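Asks: Protein chains in written order, with the working numbering: chain B, 1 to 480; chain C, 1001 to 1375.
No lab work stands behind these hints: they were computed from the structure. In this text, all values refer to a predicted model and were calculated from it rather than measured experimentally. Just so you know, nobody snuck in bad clues.
Reference listing, derived: stretches of chain B covered by chain C, where coverage requires no fewer than 3 residues with Cβ under 8 Å from a Cβ of chain C:
| hint | segment |
| --- | --- |
| 1 | 9-20 |
| 2 | 38-44 |
Label pairs and their computed distance ranges (CB to CB):
| hint | chain 1 | residue 1 | chain 2 | residue 2 | range |
| --- | --- | --- | --- | --- | --- |
| 3 | B | Asp132 | C | Asp1167 | 52 to 58 Å |
| 4 | B | Asp53 | C | Asp1167 | 40 to 46 Å |
| 5 | C | Gly1158 | B | Gly221 | 39 to 45 Å |
| 6 | B | Thr26 | C | Gly1225 | 51 to 57 Å |
| 7 | C | Glu1319 | B | Glu65 | 53 to 59 Å |
| 8 | C | Ala1185 | B | Arg25 | 41 to 47 Å |
| 9 | B | Glu28 | C | Ile1160 | 56 to 62 Å |
Don't be surprised by glycine CBs; every beta carbon is placed ideally from N, CA and C.
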Amino acid sequence: MLNIPAIRWGKPYDSLEKEDVVHFRTGEPIAQLSQVGGGILKRDMRKAQSARDALLQFSPEEILEKLAVAGKLYLEADLPIGDGSQTPEAFVHAQSATTGLPEHMCRSNMQKNAFVLQNMPKILDSLTRGLDLNILARGYGKEPGRDVMLSYQVQSPVLGAVLPSNSPGVHTLWLPAVALQLGLVLKPGGKEPWTPYRIFSAMVEAGLPAEAFSLYPGAGGDVGASLLSSVDRAMVFGGQQTIDQYAGNPKVQPHGPGFSKILLADDVVDDWPQYLDLMVQSVFANSGRSCINASGIWASRHTREIAQAIAEKIGPTEIKDPTDDQAALAAFTMPGMAPAVWGMIESDLAEDGVTDYTASYGDRLVQMERCDYLKPMVVHAENPEKQVASKEYMFPFVSVVECPQEEMIQKIGYSLICTAITGNEEFARQLVNATHIDRLNIGPIPTHKVDWLQPHEGNIIEFLFRSRAYQSAPVQVAAS
Amino acid sequence: MASDTLTPEVEAAVKSAKDKLDAHTYEIVQWHFHESTGCPFWLEKKKEFNFDPLTEVKGYDDLKKFPLFEDEWLRGGPVRRWVPQAYADKPIYVFETGGTTGIPKSRIAIDDFRTDYSLFSETLPDKYFPKGSNWLMLGPSGPRRLRLAVEHLAQVRGGISFCIDLDPRWVVKLIKRGKMDELEAYKKHCIDQAITVLTAGHDVKCMFGTPKLIESLCLGLEDKGTTLADVGITGIFSGGTEFTPQWTRYCIEELFGGGPEESGIYMTPTYGNTLMGLACSKPVTPEDGYKISYYAPQPRAVTEVVSFDDPYQSVPYGETGRVKLTTLTKEFFVPGFLERDEGEREMPYLTYPWEGVSGVRPFHGFASSTTVGVY
Chain B
1 MLNIPAIRWG KPYDSLEKED VVHFRTGEPI AQLSQVGGGI LKRDMRKAQS ARDALLQFSP
61 EEILEKLAVA GKLYLEADLP IGDGSQTPEA FVHAQSATTG LPEHMCRSNM QKNAFVLQNM
121 PKILDSLTRG LDLNILARGY GKEPGRDVML SYQVQSPVLG AVLPSNSPGV HTLWLPAVAL
181 QLGLVLKPGG KEPWTPYRIF SAMVEAGLPA EAFSLYPGAG GDVGASLLSS VDRAMVFGGQ
241 QTIDQYAGNP KVQPHGPGFS KILLADDVVD DWPQYLDLMV QSVFANSGRS CINASGIWAS
301 RHTREIAQAI AEKIGPTEIK DPTDDQAALA AFTMPGMAPA VWGMIESDLA EDGVTDYTAS
361 YGDRLVQMER CDYLKPMVVH AENPEKQVAS KEYMFPFVSV VECPQEEMIQ KIGYSLICTA
421 ITGNEEFARQ LVNATHIDRL NIGPIPTHKV DWLQPHEGNI IEFLFRSRAY QSAPVQVAAS
Chain C
1001 MASDTLTPEV EAAVKSAKDK LDAHTYEIVQ WHFHESTGCP FWLEKKKEFN FDPLTEVKGY
1061 DDLKKFPLFE DEWLRGGPVR RWVPQAYADK PIYVFETGGT TGIPKSRIAI DDFRTDYSLF
1121 SETLPDKYFP KGSNWLMLGP SGPRRLRLAV EHLAQVRGGI SFCIDLDPRW VVKLIKRGKM
1181 DELEAYKKHC IDQAITVLTA GHDVKCMFGT PKLIESLCLG LEDKGTTLAD VGITGIFSGG
1241 TEFTPQWTRY CIEELFGGGP EESGIYMTPT YGNTLMGLAC SKPVTPEDGY KISYYAPQPR
1301 AVTEVVSFDD PYQSVPYGET GRVKLTTLTK EFFVPGFLER DEGEREMPYL TYPWEGVSGV
1361 RPFHGFASST TVGVY
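Sequences and hints are given; from them, build the entire structure.
Replies: Dropping the structure here:
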């Protein structure tokens, strides 16, 4: 069994308090994870500038090269972790065993992280809209061919992140910080320490300075809260309550439910079967666990037929062993969570005008000895006022909502991703202007299809750097 | 068996302590259940029992005849029903515990808190808790015992105590509402006052602080370019279920800068509450993995570690169970109160020849609903 210490600016710290990271089905301990308190983190943050200074020893170009190497190592190498090491297959097996995500989905998420590390120049080119990274590194400078002084001030020497246990794909969001020469302060999820530790290991093996990285496993209410209060720029991943708690806090970028949607406009809705696979995949990919999965499909007509057709595709899905390449459902490994979610859904289903189109495919809640599953659900809401129309859950769950097109934009609510399938330019223009839509896809693009050359959820450049005025003039020094 | 590992000297001490506990138990039960001295609560309760405490309780083991003490009995009044007849004319204090939601638990006190802390004073090394030096009490006051108790401790050692107030009920509410920024501001407000006292030339050398407040105080002092040792602190007593081996290690190694010989700061953990008094700790050492083992102030109070399934059955030494408390003073009688904590049963040793408890933490059955704040 692995013994995994905390990492304090690159140095392992073996705590006297350890938590077992266990297999979600057998309860077998896979690793012991050191648990540290928030006080240690707060005290360590006094040296946060040293983390940035260590990265500033390298040029942005050198860091990008090392990140590309790290991406390859992350994907292919046997990398140290705690008092042992892990092959890529062992990593996938461990991640699946503790999070409940099928192994082939873990492999797929691994590809995403590796892609981001290996393609960081292009991704940063997109995120910065082509800015020379040396200007960010130095804090000011002029771009070639333009006699305009640009200045960007970094808002924190490090980026912090309170990471979740259930969504290995979210790590792509904080990876660019290293290329921007900010240190990393991470609180790994209790059930998913694997990705942050492996990325840390890959980066150090690739030649990046270990002292730029800290990993503090521990209790969310203690270490997580300490991280968010003592790091000047941090991400947190959680539910709506977390989002509400940190809304308006400039130091914290909360990431939570996406409430991503597909809108079938009136000009295409009669051809809905043409988009059925796109809708199914948007709901079903990654076991419906991502914020970029569609939780709502909105149309003015044919909604019952759409719900029926999607239900026929995903309703019969069976639970399979996580090592099975055909496994499509992820387990709920936190005791009591799936029954609690089911309770909320039952309450929504009790409302008039709400129909469960997956009811005929057997019980949706499946409780096992050490974990639970929720099987895919397709629910029809006859108007947007039904409670279920605004819900999102961590499994393949979608509400098909009947709504006139002219009311759609106003009533869909916040949407991380909105795929609007339409050729209607007026409707598309209205969508462009809708400020409650974050990432907008016009046309038949699945919600989970990420274009890495577009800004991602909460642009990290805008979060980490402040654009400001910078003027300089030569100073005449008296001759001595 | 555990007794196999006790030396004859410790075995003799254990027997002597048990004899003393039996005699003390008899005396206390006689006091609380006699019409001329007992309190209205117990005299009334006696009518429900199928045994007579006055004739059938001859020693500690006979206390098992009592039903478990229910903490609901302490919620709500009239509080005077707990005052022994013999003390009816004495000045009475009431101390509270809990109270974040609903009615707090109350207990009456006359001199117990002074006695508890006078006895505790005798366990403190004079080298680090110099007689005559002043104290800082960094913790909750209000309806709690702590402020008066620490003040008495300072006085009994010839010093004067400065106090910082902290309202733990407000802290818990802030946490439950997710107002972490307000919580930080409130904590800073308390720490700022503590730093003001410590840097105002009052010759404060000793202090009480909860683990989180000690941590915040050290960080606050570091922000100002100084340390706890620099401002003159040499002795600290602290307490609470957050006093874990890992926190102690971090505190000693990093916040203090080393053990007492190196940093000049000695810290002793304690485990106590309004009902019990103050349990002392076996010395905490790096060699022993900073293990913290508490021993109740027998015979005034007894802690046992009992089975989760059968609260009348002690678990074997080294095993985990729930902490059960019995208080045996003339002011207050609490037989078999199941604490909100669990831990491991520890062997007697020469200083404390009765069983102790280590690894104290919130009872796992309650842990998910317990909000732990700065206090």
